[in-house]
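Enquirer: Model the full structure from these sequences, guided by the hints.
With the numbering used here as the guide, the letters of the sequence shown map in order to residues 100 to 159.
Incorrect hints may appear among the rest.
Think about it this way: if two alpha-carbon atoms lie no more than 27 Å apart in a straight line, the pair counts; the simulated DSS-like pairs of lysine-lysine are [stated by the list, open to error]:
hint	residue 1	residue 2
1	K145	K156
2	K153	K136
3	K128	K157
4	K131	K153
5	K157	K145
Quick list of the computed label-pair ranges, beta carbon to beta carbon [claimed, not checked]:
hint	residue 1	residue 2	range
6	L154	G124	32 to 42 Å
7	D115	D147	30 to 40 Å
8	I155	D113	16 to 26 Å
9	D140	Y119	16 to 26 Å
10	K156	K131	13 to 23 Å
11	E144	Q111	33 to 43 Å
12	L112	K145	29 to 39 Å
13	I159	Q111	27 to 37 Å
14	A116	E144	31 to 41 Å
15	E144	L112	11 to 21 Å
16	A116	F143	16 to 26 Å
17	Y119	I142	18 to 28 Å
18	R123	I151	31 to 41 Å
19	K145	A116	15 to 25 Å
What the hints contain is simulated information worked out from the structure, not anything from laboratory work. No residue lacks a Cβ here, since even glycine has one placed at the ideal position from N, Cα and C.
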Amino acid sequence: DVKCSHGSTTGQLDKDAIFYLQSRGFSLKKAKEILLKAFIDEIFEKIDNENIKKLIKKII
100 DVKCSHGSTT GQLDKDAIFY LQSRGFSLKK AKEILLKAFI DEIFEKIDNE
150 NIKKLIKKII
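Expert: Right, dumping it as structure tokens:
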């Protein structure tokens with residue numbers, strides 16, 4: 100038997116969050132960049148190895 104303890108989240112960015120950022124003067128593109136960066140930063144917080152973090156950041 101195989102068990103997985105990880106998941107995958109896919110989908111659209113939160114439209115309310117995009118609307119909020121746009122109401123604060125950010126363009127649609129910049130609002131999406133801010134939300135994507137926040138999502139990526141949350142993932143990077145879970146990576147302990149700094150070399151791995153640097154490698155992934157270089158790739159993306």
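Enquirer: Against this structure, judge whether each hint is valid.
Expert: How the hints compare with the structure:
The straight-line distance between the Cα atoms of K145 and K156 is roughly 14 Å, inside the 27 Å bound, and the hint therefore holds. For the hint linking K153 to K136, the alpha-carbon distance of about 15 Å falls within 27 Å, and the restraint holds. Annotation: proposed proximity of K128 to K157 holds, straight-line Cα distance about 22 Å (limit 27 Å). Only pairs whose Cα atoms come within 27 Å are accepted, and K131 paired with K153 is accepted, the gap being roughly 23 Å.
Of the supplied pair hints, the one linking K157 and K145 holds, its CA atoms being roughly 17 Å apart against a limit of 27 Å. Look at L154 against G124: about 35 Å separates their beta carbons, and that is inside 32 to 42 Å. For D115 and D147, the Cβ-Cβ distance of about 33 Å falls inside the hinted range of 30 to 40 Å, so the restraint holds. Range check, I155 to D113: about 24 Å between beta-carbon atoms, so the 16 to 26 Å window is met.
For D140 and Y119, the Cβ-Cβ distance of about 18 Å falls inside the hinted range of 16 to 26 Å, so the restraint holds. Restraint check, K156 to K131: a C-beta distance of roughly 19 Å satisfies the suggested window 13 to 23 Å. Between E144 and Q111 the C-beta distance comes to about 23 Å, which lies outside the given range of 33 to 43 Å. The hinted range of 29 to 39 Å is not satisfied by L112 and K145, whose Cβ atoms lie roughly 20 Å apart.
Between I159 and Q111 the C-beta distance comes to about 19 Å, which lies outside the given range of 27 to 37 Å. The hinted range of 31 to 41 Å is not satisfied by A116 and E144, whose Cβ atoms lie roughly 19 Å apart. Look at E144 against L112: about 19 Å separates their beta carbons, and that is inside 11 to 21 Å. For the pair A116 and F143, the beta carbons lie near 19 Å from each other, so the given range of 16 to 26 Å is met.
The hinted range of 18 to 28 Å is satisfied by Y119 and I142, whose Cβ atoms lie roughly 22 Å apart. Look at R123 against I151: about 34 Å separates their beta carbons, and that is inside 31 to 41 Å. At roughly 21 Å, the beta carbons of K145 and A116 sit within the given window of 15 to 25 Å.
Violated hints for the displayed structure, listed by number in ascending order: 11, 12, 13 and 14.
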